[in-house]
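Asker: No gaps in the numbering here: position 409 of the sequence shown is 409 in UniProt numbering, and each next residue is one more.
Simulated from the structure, these hints should not be mistaken for lab results. Don't be surprised by glycine CBs; every beta carbon is placed ideally from N, CA and C. Watch out, some of these pointers could steer you wrong.
As the list claims (entries may be wrong) - Label pairs and their computed distance ranges (CB to CB):
| id | residue 1 | residue 2 | range |
| --- | --- | --- | --- |
| 1 | Ala252 | Pro151 | 19 to 25 Å |
| 2 | Arg508 | Gly314 | 36 to 42 Å |
| 3 | Arg181 | Lys284 | 53 to 59 Å |
| 4 | Ile276 | Arg508 | 55 to 61 Å |
| 5 | Lys284 | Ala35 | 23 to 29 Å |
| 6 | Ala149 | Asp100 | 18 to 24 Å |
What the hints assert, rightly or not - DSS-like cross-link-like pairs, simulated, lysine-lysine; straight-line CA separation at most 25 Å:
| id | residue 1 | residue 2 |
| --- | --- | --- |
| 7 | Lys353 | Lys295 |
| 8 | Lys295 | Lys361 |
| 9 | Lys240 | Lys139 |
| 10 | Lys72 | Lys273 |
| 11 | Lys273 | Lys402 |
| 12 | Lys338 | Lys319 |
| 13 | Lys284 | Lys350 |
| 14 | Lys350 | Lys402 |
| 15 | Lys542 | Lys517 |
| 16 | Lys350 | Lys361 |
| 17 | Lys415 | Lys433 |
| 18 | Lys433 | Lys510 |
| 19 | Lys467 | Lys415 |
| 20 | Lys534 | Lys510 |
| 21 | Lys72 | Lys114 |
| 22 | Lys428 | Lys361 |
| 23 | Lys428 | Lys415 |
| 24 | Lys319 | Lys284 |
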Amino acid sequence: MPQQLSLIEAHESKLNQIFSDDYEFEIPSYQRPYAWEEQQAQELLTDFIEAMDNGDDVYFLGSIVLIKEPHKPLSRVVDGQQRLTTLTIILSILRDLTTDPEIRGTRRVYVYQKANPDGGSAERFRLLLRQRDRAFFQKYVQNPDATNALPDPDILEGSQQNIARNAIHLRGELSKLNEDRRNKLIAYLIQRCYLVVVAVPTAEAARRIFTVLNARGLDLTATDILKANLLERAGSIHEKDLAERWETAELALGRDRMVELFGHIRTMFERDKPRIALEVGFPKFVSTFNGNAEKFVSDTLEPIADAMLLLSDGAAIKKQFGDEAAKAVRSLDRIDNKDWLPPVLLRLWKRAKGDQAEIAKFLIELERLAYYLFVTRADINTRIARCSAVMDEFDPRAGREKPKAGLALDPSEQKEFLDALSGPLYQKARVCKPVLQRLDEALSGGGASYDELVSIEHVLPQTVTEKSEWATLFPNEAQRTEWTHRLANLVFLTRRINTRASNWDFDRKKIEYFASKDGTSPFPLTQGVLQAAKWSPEHLAKRQETLIEKLATVWALAESSGQVASQPKKGKASA
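Let the hints inform the model, and build the full structure from the sequences given.
Answerer: See below:
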């Protein structure tokens with residue numbers, strides 16, 4: 001057995017032992033921020049109260065994993081931060097709600113360690129959060145009377161917002177209990193609640209076991225593990241600075257997007273479908289991660305994180321690369337996968353000064369490729385392989401041949417793309433709305449905007465009743481089937497679909513259902529229907545041709561494909 005694992009200590013401890021001079025808890029800088037929200041904090045409090053009321057002799061809180069040398073109090077928390085922090089908030093609130101000053105002073109001991117020169121103990125708080133949150137936690141939670149004046153969470157962000165929200169919520173819940181109940185609760189917590197403390201002497205050993213011992217705590221993400229790896233290599237001189245820079249990027253992106261970013265960075269280097277876990281594959285494939293830690297943060301993480309943030313700022317994209325590039329990025333963000341992101345991030349990372357026009361062209365052409373793969377429902381392996389080929393075109397790997405198919409679409413692919421657009425698009429559930437949004441945006445000149453409430457409606461109803469006007473306009477069932485789900489028959493609405501209105505006669509449907517109060521629609525697709533005198537197969541054929549030609553123009557398909565629609569040209573209809 002390796003030496004560091006043979007020194008593992010594991011034992012049950014009551015909370016009065018946990019919050020004693022035996023432990024000096026410290027959250028290492030590589031740990032993620034405090035992430036529990038009100039629901040999780042409430043669940044913990046409810047569990048305590050129910051266990052107390054049920055007369056349970058013991059309440060088990062799960063396990064915490066510490067880096068701790070035998071017989072020394074310093075305890076760096078690898079797993080258990082969420083529970084220790086929330087317990088400290090609860091104990092601090094119970095202290096501050098105590099009306100008897102003497103008892104209130106006594107209860108401070110669970111949060112604060114007085115100096116004891118005889119025992120060699122220094123004055124300190126029992127739990128020290130990460131450096132970034134430490135002073136805030138002491139001011140608003142750990143200091144005497146701190147929870148009597150909690151800050152407004154809405155002016156905070158990240159872990160400090162979570163701390164404030166949970167403290168406000170828990171104080172509200174605990175205030176509902178009378179003082180006798182609160183006294184019984186704190187006694188139950190201190191005397192009857194247990195944690196299993198797993199103490200190991202090295203960070204390496206701690207990381208090996210924390211994943212199998214998580215109980216109530218939130219699992220660490222792959223990026224938390226990578227962060228620990230990086231900071232351990234950085235050494236104590238650089239650890240604080242690099243941890244703060246890492247956290248700045250994570251705060252700007254958000255926790256989930258930080259994990260996504262690392263997945264995209266791995267793809268930029270690996271250029272293949274991931275087959276092993278991110279925390280294992282990232283060091284294996286991302287060569288810059290394994291070298292100098294500071295260089296990785298400054299030359300890889302920070303600039304690529306900045307690129308990802310840039311992509312979510314439409315105004316900045318427009319300013320740097322122009323209106324068409326901004327439209328392309330906005331359109332890319334609507335599709336149901338993010339396989340297009342690694343090529344974009346790599347291109348932005350590798351850009352040279354004065355490269356704006358080339359990047360704009362790249363973004364516009366990548367939108368076309370991504371939508372071709374999206375509309376034709378290419379599988380994940382095909383998408384990743386093609387996006388990897390795109391990266392190989394502008395950032396070739398040593399020993400690799402130039403890819404046969406990259407950013408450009410050949411004539412057969414353009415025809416396949418147009419055929420898919422011309423078909424029953426509504427039946428491709430995830431595809432239809434993003435394509436219609438891109439089409440409507442093109443028809444509007446870029447001024448249209450969309451939200452989640454926008455819905456798609458059929459002009460010719462999906463189900464035609466026998467005696468309706470629609471049965472007269474489209475007497476042939478095969479013809480109805482041909483047109484029902486195609487682009488020409490689809491419009492946007494800003495209201496919920498009214499199934500009873502779907503079979504109204506065309507004129508009534510236009511006026512009472514499709515039009516707003518002023519008789520118009522904010523969507524060019526819908527406005528085109530309002531301007532139509534009638535809705536017939538002939539009109540649909542002309543409208544379909546007009547709409548497909550517009551998409552062919554947007555994605556530069558018309559010239560090389562030789563085809564823009566399956567219907568013969570019969571003159572133009574309004575969109």
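Asker: Where does the structure disagree with the numbered hints, that is, which hint numbers, in rising order?
Answerer: 8, 10, 15, 19, 22 and 24
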